[in-house]
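These are the residues of each chain, in order.
Number of protein chains: 2
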Amino acid sequence: MTLRIAEIFGPTIQGEGALIGEPTVFVRAGGCDYRCSWCDSLHAVDSAYRHTWTPMSDAEIWDEVLRLSGGQALTVSLSGGNPAIQDFAPLIARGRAAGYRFACETQGSVSRPWFGDLDTLVLSPKPPSSGESVDWAAFAACVKAGQTARQMVMKIVIFDEADYDWAKDAHARHPDLPLYLQPGNPDVDPESPVDPQDLADRLEWLTERAMTDGWFTPRILPQLHVLIWGNKRGV
Amino acid sequence: MTLRIAEIFGPTIQGEGALIGEPTVFVRAGGCDYRCSWCDSLHAVDSAYRHTWTPMSDAEIWDEVLRLSGGQALTVSLSGGNPAIQDFAPLIARGRAAGYRFACETQGSVSRPWFGDLDTLVLSPKPPSSGESVDWAAFAACVKAGQTARQMVMKIVIFDEADYDWAKDAHARHPDLPLYLQPGNPDVDPESPVDPQDLADRLEWLTERAMTDGWFTPRILPQLHVLIWGNKRGV
Numbered sequence: 001m002t003l004r005i006a007e008i009f010g011p012t013i014q015g016e017g018a019l020i021g022e023p024t025v026f027v028r029a030g031g032c033d034y035r036c037s038w039c040d041s042l043h044a045v046d047s048a049y050r051h052t053w054t055p056m057s058d059a060e061i062w063d064e065v066l067r068l069s070g071g072q073a074l075t076v077s078l079s080g081g082n083p084a085i086q087d088f089a090p091l092i093a094r095g096r097a098a099g100y101r102f103a104c105e106t107q108g109s110v111s112r113p114w115f116g117d118l119d120t121l122v123l124s125p126k127p128p129s130s131g132e133s134v135d136w137a138a139f140a141a142c143v144k145a146g147q148t149a150r151q152m153v154m155k156i157v158i159f160d161e162a163d164y165d166w167a168k169d170a171h172a173r174h175p176d177l178p179l180y181l182q183p184g185n186p187d188v189d190p191e192s193p194v195d196p197q198d199l200a201d202r203l204e205w206l207t208e209r210a211m212t213d214g215w216f217t218p219r220i221l222p223q224l225h226v227l228i229w230g231n232k233r234g235v
Numbered sequence: 001m002t003l004r005i006a007e008i009f010g011p012t013i014q015g016e017g018a019l020i021g022e023p024t025v026f027v028r029a030g031g032c033d034y035r036c037s038w039c040d041s042l043h044a045v046d047s048a049y050r051h052t053w054t055p056m057s058d059a060e061i062w063d064e065v066l067r068l069s070g071g072q073a074l075t076v077s078l079s080g081g082n083p084a085i086q087d088f089a090p091l092i093a094r095g096r097a098a099g100y101r102f103a104c105e106t107q108g109s110v111s112r113p114w115f116g117d118l119d120t121l122v123l124s125p126k127p128p129s130s131g132e133s134v135d136w137a138a139f140a141a142c143v144k145a146g147q148t149a150r151q152m153v154m155k156i157v158i159f160d161e162a163d164y165d166w167a168k169d170a171h172a173r174h175p176d177l178p179l180y181l182q183p184g185n186p187d188v189d190p191e192s193p194v195d196p197q198d199l200a201d202r203l204e205w206l207t208e209r210a211m212t213d214g215w216f217t218p219r220i221l222p223q224l225h226v227l228i229w230g231n232k233r234g235v
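Each protein sequence line maps, in turn, to chains U and L.
With UniProt numbering applied, the first sequence covers 1 to 235.
With UniProt numbering applied, the second sequence covers 1 to 235.
Quick caveat, the hints were computed from the structure, so don't treat them as lab data.
One should not assume that every hint holds.
Unchecked claim - Listed next, the stretches of chain U that the computed footprint assigns to chain L, with coverage defined by at least 3 CB atoms under 8 Å from CB atoms of chain L:
| # | segment |
| --- | --- |
| 1 | 20-31 |
| 2 | 89-97 |
| 3 | 139-146 |
| 4 | 200-214 |
Small disclaimer: the values here were computed from a predicted structure and weren't measured.
C-beta: ideal position from N, C-alpha, C; glycine also.
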């Protein structure tokens, strides 16, 4: 069995969410059941890039993770695209046997039994600005599958007021999931630089929004990789 | 009994370390047994500012925390200066009874029984660039006092190669403490703006340093409050 892999890179720090700052090797899966308007990983989503995705066995992926990490156990993040549309159970089993930790980031549209084997499951339902709509029954199935993961969190990207209000509803559906909010990044062209001041301004806006609203539940975090590297790939 | 308080502010997000992004009210204690060369809170450290520190009872501090948080339970961070040179046990007892969570950040030079009542104890031993030197016996006493805290971590600020090497030794002394590294900020004048690009560059340097070294243990995080607000006080 082979998996479609858009890129494998690292180690570098996880730039966002619950594991922010954590040294990580990223395995980015090719293919997605969503097409968010502001997607920052189109090269792993749009089928126009399909020819750039490499079919790899779990043994081949694992060899590359081992090479990049020098054989030192660290966190491997399964991202995409939506990694849940493929079967990562064999890779996770291989890596965990060697002491590696596994995280996975997915929108929560497709549930997998291997969610329960993860160290960190990040469920990231997409708000209205994405142009997608959430199937909450499918999402609940993901939460159920992830019950035995070491940690499971919800992360929501916020572009505007509508997204902010939506995030409150999403949290109300799953109040037991620790919540992370992330200001949206409208500058996703890998060729154009990102102004760190813009990123700071968006973080300030979202922070002020939640604080003046008296909503102290979510942690609010920027994308550090965008701060450091803009939208460059492979970092 | 009164405490010397330099400022109480928030809620705003915690800008650094284990609770990065967490909505927090900060209680900054006045007074410190250290005088780090790059201290970013001199107004709470240098006795020249002593006249600006307000003597407050724990009831008065608690009233202000309640007012700022609108009575909604959140995380209260005890910072300084070195908060451990004063007795915060009564404030912590008051706040915890109301469902608030408490974090404390201290260099680890003075141990307190109330460390064990904290939700988060951040021990931040100071590297060579600070001009201070660590009493490791006193530090170990802090670790012992914090054993019953919900989480206890080590955070180290890194300005240069010497600090980086020193952090490895510090980690080796207390390998069970989750480790956070933070690039140093040389621009601590509250009157002068901070260039977000400089902050990004320092984060990139430290990330590259650890990754190329194959040191995947620490989480590496910037100071988000500096990114957003520069060195302005009260945010």
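Task: Violations among the numbered hints - done: 2 and 3
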